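**Student:** With the hints as your guide, set chain B onto chain A.
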Amino acid sequence: MSDTATSGRAAVAVRPAGVRRGRRGRPVDWKAVGAFTLLTAPMVLGLGLFKYVAIGWSFLLSFSDARGTVDLGSWIGLDNYTFLLKDEAFRSSMTGIILFTIFIVPVTFGMSLGLAMLLNGLRRGRAFFRTSFLIPAAVSYVVAALIWKMSLFNGLPSGVANTIGGLFGWDVQSWIASTDPPLYWIVIITVRLWLQVGLYMILFLAGLQAIPAHLYEAASLDGASRWEQFRHITLPMLRNTSVAILMLILIAAFQAFDEFYNVFITATGNSTAPVRPPLVFLYDTALKGQDYGVGSAGAFLLTLLIILVTLLQGRLVGFGRKD
Amino acid sequence: MSTNLTSRRAFLGGSLLFVGGVALAACGKDDAVKAGAKITLEQWYHAYGEAGTQQAVMRYAEEYTKANPDVAIKVNWIAGDYSAKLHSTLLTPQAPDLFEIGDFQYVDVKNGLLAPLDDIVKGQEAEYSKASLDSATADGKLYGLKMMDDAMVLYYRRSVLEKAGIAAPQTFAELAAAAKTLTSREQKGLFVGSDGIGNAAYLLLWSNGADLLDPEGKKVVFNSPEAIAAIAGLKQLHDDKSLLLDFTTDWYDPGAFIQGAAAMQWCGLWAMPAIKKALGDDFGVVAWPKFGDTGQAVSRIGGWFAAVNAKGKHVEEAKKYIEWLWIKQTDLQKDWCVSYGFHVPSRKSVAAQTTEFTSGPAKDAADILANTSKAYPNLWNTAMDSAFAQAVLKIAKSGGDAKSLFDEAAAKCQAELDKQLA
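Protein sequences, first through last, are from chains A and B.
For this note's numbering, count along the first sequence from 1 and bump the result up by 599.
For this note's numbering, count along the second sequence from 1 and bump the result up by 119.
Worth flagging that the hints you see were computed from the coordinates, not collected in a lab.
Please read all numbers here as calculations on a predicted model, not as lab measurements.
Keep in mind that the hints are not guaranteed to be accurate.
With a Cα cut of at most 16 angstroms, we get these calculated EDC-like pairs of lysine to aspartate or glutamate [as the list claims (entries may be wrong)]:
id, chain 1, residue 1, chain 2, residue 2
1, B, Lys229, A, Asp664
2, B, Lys229, A, Asp670
3, B, Lys538, A, Asp664
So that you can see chain B by itself, here it is in the shape it has in the complex:
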């Protein structure tokens, strides 16, 4: 009887010890991962489409923790409407310490959300493109570190143009004529976006020497005579019916170009590997051609910036991490740009070492990026974009009067700009 009891007690005790031991071991294992890290930085990335990117940024974070055992980095991969999610989270205590920004917005700086990064970038300014520095600069301070540059260029199907006896367009008149000539029932000449607008309105303005805001960022100027002349180009493309509309994917996807639904397409460098795989060498790239003789060829620069939450608890540690990764680790920057997708490293010295950009259309795209690229000003916000786009829609598709519509939209944008600067 008593032995029975003892054995039962022993069994219970043994079980408890076992469970406790497992729990302790589990705790120990968890600690081993953080390896005594005193600080954990929360980092947000938008969900990149390219396979392997999430593993890559987690690997970068681990390498940093290996070199700096005090700091661990928790990577959060955010699917869906990244900007809306980020901005609503930045209002809460759960805000990440580090995050990415695609389109820089002045309001973030004004609200004190972003920490200035001038001290870590000091002396490195020449490494970055002027357009990138300008978009991340507000009130004389720099708030974002470019992680990679995305070039946006005009792809054309070499064989199709050759068959029609057309050279790659160098002026807008040539582009419009080529688009018209290459349009048939099965194939349209040009694809700028499913809505027939995409980036084309901005590109047309820039290519005729017009702009959205004046260089000081105080005045809305897209109702200038140059802008009004240039936007007529978009109406012409619509009237000619040479634009591909309502394609199943938008301009950032190379589908329309690869399938031959359009002979020319405005798209990004990121699509070049897929295009090359599908079409081999049967394509070339040019910048968006100059509008008239006084204009210039242009392209858009995109890409993502690393930024630091100014209201976070670990601003200095967060800045150290992005300095380590996006300034010092040139191998990781190269890996990030060309191992998964296809982006130009944002630092000129790193881009120069990247062999992918030394020949062929990739080199052409990198040159277009270096010589012609422009970005939206960071004062250009959703409300202004929407007022501008609605005016463009009415001018290009419904035959509205360009001058009065642009004047009206510019007045609205000016009010919005004044509110931002107030």
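Isolated chain A, as found in the complex:
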């Protein structure tokens, strides 16, 4: 868009052929408009057809009784929504994901930033560590979840976690199946951090490298301690990066699916999972149980929650606010 505007402004000076003045005196470059339309049309059409039509259809489905069918017609008003809001399983799934988010967002954020600062301070081997930490981001969630489940945290004395525990004389633990204490959180949270921290670390590292070194030099000449430098230079300079990363982590947390699904899955599905985040719940409802009406209603409730939390976060940390 801005390219069009710039070339339009440039056109004022030279006025090449085919450029006329628009209604408000701004010239309209029809060639550029044509090129813009041509280039964006496939994307817009595809998005419209495969996303917006589907979203609209799903919205209509959420008001109808659609069991084993995606045909509209048997309207039941808000029944699907009231059913879900009364359903203990859905409610605990939603409160569960909120608690999970409250925990995982600061932890992921802190670890990524901490690692990025450590790496940024390294004199040697920075590329090696950067690559090592980033590699997990390229691993499939499914594969990682299965490695965690079957190799690291299996319930056998020979499992990696139990072998390490054995060195300290601990009993053999069932890391996923035991609910009291809920050891499965260790499995879920470690695999998530392993997968995600590397990517956010790279983003932070880019932000850190963009901070001019002379700010730190000036600060240390003035006698600012490391903490004061971090508090008054690093953090403010990283604000835009931090806000964007925070939002990414937040949305990723609400959309948690793969590691929960694959860690808890059994021969009969996810029905015995001690925690089912909303997406797993909706997958079970819509695709396994073929209740597309309730599934769609749940998807919109989750969307609403994500929008609310993102707006709230924007209020608190000021996403998109001009400096």
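**Tutor:** Using the frame of chain A, we list chain B on its own:
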């Protein structure tokens, strides 16, 4: 000059003729495969794990086309979440004419997806187990033809039990005691599933005379006193720490039993060849033992049904094919059941001819299947299973109150059942 031109033209012409000829020949060859078939039936199978099964079903299809040149069958082998893929495809024009169903769901019948098969099964009912007929019957009509029966039984390691002086368990109390005695750091007594639940909750209910739904399928009854008493058994197994948990594979795989991670395991007949290969004769099978004196020994029947898409273009032809294959071709049924994996032929007359089931643990398993097997009702859907399983999880693992949790789950399931029947 002119000769040059002619020769170039001749070359071009010759080339064109050659290309055209090849194209025609290719078309001809393609037609030869279908051999003038007027109709092509699309058939879906889930991806069986056993080697050779895909080739087998393609061979059956070819044999049918040989006998009936008008009909060709295209076999599609579907990997991944079969049921979800099937059900989403059944909503589209690409829906297959023929497909398999593992767990029968009433909603499919209610939505008119399945064609009734009563006319081809008529007079053959006695050939099939009651549990199989019941699960494929809805509103008085039969919608699925059983392709094979899977028995699920309790395997025990003969030598391990003998060493501890324990007989194969005949009651739940014996099972729980045996599981506790046989548990050590390296070996657990019993494996029912990685989550410590698996099928055990259903088996416990059935073994104490309780059930999920009443016989008419109108009322949810798993909050009965018998059910509440039986589910305490699962809590006991967890409290005793005699269950193997978080094994790398789930109960349907014999790995835990073969490796000696568990002395007893709930598993399927399909695993018997692998167990036999690894352990020789050092194993036996029993049904899930009766819970108390008033209960009975039980087992689960599984397996796949052949079904026909009621909205397909070739319903009659599709029905003829499954009648030919799963009713008339007894040799192919035998081949299907025992040449690749290990399943009991679903037709009693065919099972009786299959020598694999005349002796040893295989015979025991087939007898257990014939005498004690139960299946989930087709009204039992994912939402109900999930409500029930969550209650079981809280009772068995977190010490929740069985009565209130089962009452709550039963109320939820009843609402779901009423919606299905509405």
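**Student:** Each hint should be assessed against the structure and marked as holding or not.
**Tutor:** Evaluated hints:
{"no.": "1", "hint": "B:Lys229 to A:Asp664", "result": "holds, 13 angstroms"}
{"no.": "2", "hint": "B:Lys229 to A:Asp670", "result": "holds, 14 angstroms"}
{"no.": "3", "hint": "B:Lys538 to A:Asp664", "result": "holds, 10 angstroms"}
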